[in-house]
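Asker: Next come the chains, spelled out residue by residue.
Number of protein chains: 2
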Amino acid sequence: MAASAGPEIERLIALLSKLPGLGPRSARRATLALLKRRDQLLGPLADALAAARDRVKTCGVCGALDTTDPCAVCNDQSRDQTLICVVEDVGALWAMERAGAFRGRYHVLGGLLSALDGVGPEALRVRELVQRSTGGSVREVILALPATVDGQTTAHYLAERLIPSGAAVTSLARGVPVGGDLDWLDDGTIAQALRARRPA
Amino acid sequence: MAASAGPEIERLIALLSKLPGLGPRSARRATLALLKRRDQLLGPLADALAAARDRVKTCGVCGALDTTDPCAVCNDQSRDQTLICVVEDVGALWAMERAGAFRGRYHVLGGLLSALDGVGPEALRVRELVQRSTGGSVREVILALPATVDGQTTAHYLAERLIPSGAAVTSLARGVPVGGDLDWLDDGTIAQALRARRPA
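Keeping their order, the protein sequence lines are chains Y and P. For the first sequence, my numbering begins at 14 and goes up steadily by one. For the second sequence, my numbering begins at 14 and goes up steadily by one.
Errors might be hidden in some of the hints.
If several chains are the same, the list does not tell them apart, and a pair holds so long as it fits within one copy or across any two.
[To be verified] Lysine to aspartate or glutamate pairs mimicking DMTMM-like chemistry, simulated, CA-CA at most 25 Å apart:
(1) Lys70 with Asp163
(2) Lys70 with Glu23
(3) Lys31 with Asp67
(4) Lys70 with Asp60
(5) Lys31 with Asp196
(6) Lys49 with Asp82
(7) Lys70 with Asp102
(8) Lys70 with Asp93
(9) Lys49 with Asp163
(10) Lys49 with Glu110
(11) Lys49 with Glu141
Just so you know, these hints were derived from the structure itself, not from any lab.
Generate the whole structure from the sequences, applying the supplied hints.
Answerer: What follows is the structure, encoded as structure tokens:
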């Protein structure tokens, strides 16, 4: 670390190096860039972080992060109220929104079931999902969970729990990703894409 | 970008993606990490940035960044006052301090002469360097500038300008870096290391 930089700068480097994708070296470079552009970057970033700290909250309906509660998606009356898309976390929700193909609402689980990490259903927002889906107003629950062991375990568990709700439970399709070259794909994906083949 | 994330979060992502080493995707991941750890990371980072904005200044003597002016290095009476190490920027100064081998003072040039980018001597802190070095109190000026064309052009120019000051002007040695495998070194470095060979 820079022995001569003073405690404020040291602290900034230490905090920035905790961000994903930044190590001690790149945190130092980022700190220098911030200090060099104090008015254009450092000041606005300090303000933006303070605003986020003070104003961003968790949506009481779906669990997303926004400055309003309920969040903008839950408040949007033009979105289909009978569709719920279940995602692992807010990052997955943002990815779905970027794709721009879903016009219903979300439910952020807050993680995945994991025997290894000791994460059970009570640690996730499962009860809230069952509650929202029960009562007849929800037509379909789409499980947009990762294609990993934990993701699939969670999907199976949720499908079971959602049977009494009467809503249809579906999952994202598995197959060859757009732009995917067969040569680079793993065997499991190819096998699943073959099993789920469709008329051309 | 995340269309559903609200303007505060969007702004945070946009600002973070301007940091070196972070693109739009990693800025999104960093923002999520910040929002997930609001008390341990987001709040402290907002405070640290505000403190840096309000309290970090440029040292009037050497041009380094610190919360005091003169900076901690310039204030340190145990450091050799007769030695000045000239560096391109604050990043290079921190690198020298990490090496822990230099116990004099610094002079931050604020860039390098560059015909291509139109950077002339008046854009750098050259006059201040000549002033500091003149008067007999400085014994040696060490040019710790990068081994690039611009770095070497700048070094030659500074050596010329410093002749009247009477201080000795030296440069960092060129040679094989510690841990450097000859097989991976460029020809120029090997040639320079051969020319500057020493008794074993």
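Asker: Each hint: holds or not?
Answerer: Hint check results:
Neither within a single protomer nor between protomers do Lys70 and Asp163 lie at most 25 Å apart by alpha-carbon distance, with minima of 27 Å and 50 Å respectively. Proximity of Lys70 to Glu23 under the C-alpha cut-off of 25 Å is restricted to the inter-copy arrangement: shortest distance 15 Å between copies versus 30 Å within a copy. Proximity of Lys31 to Asp67 under the C-alpha cut-off of 25 Å is found in both arrangements, the shortest distances being 21 Å within a copy and 23 Å between copies. When the C-alpha separation of Lys70 and Asp60 is checked against a cutoff of 25 Å, the pair qualifies both within a copy, at 17 Å, and between copies, at 19 Å.
Taking identical chains as interchangeable, the C-alpha atoms of Lys31 and Asp196 are never at most 25 Å apart, the minima being 37 Å within one chain and 36 Å between chains. For a Cα distance limit of 25 Å, the shortest separation of Lys49 from Asp82 across copies, 17 Å, qualifies, whereas the shortest one inside one copy, 37 Å, does not. For a Cα distance limit of 25 Å, the shortest separation of Lys70 from Asp102 inside one copy, 14 Å, qualifies, whereas the shortest one across copies, 40 Å, does not. Within a single copy, Lys70 and Asp93 get their C-alpha atoms as close as 23 Å, which meets the 25 Å cut-off; across copies the closest is 54 Å, which misses it.
Proximity of Lys49 to Asp163 under the C-alpha cut-off of 25 Å is restricted to the inter-copy arrangement: shortest distance 21 Å between copies versus 44 Å within a copy. In this assembly of identical chains, the alpha carbons of Lys49 and Glu110 lie at most 25 Å apart only when taken from different copies (19 Å versus 35 Å within one copy). In the homo-oligomer, the alpha carbons of Lys49 and Glu141 lie at most 25 Å apart only across protomers (20 Å), although the nearest pairing inside one protomer, at 47 Å, exceeds that limit.
Hints 1, 5 from the list above are not met by this structure, while the remaining hints are.
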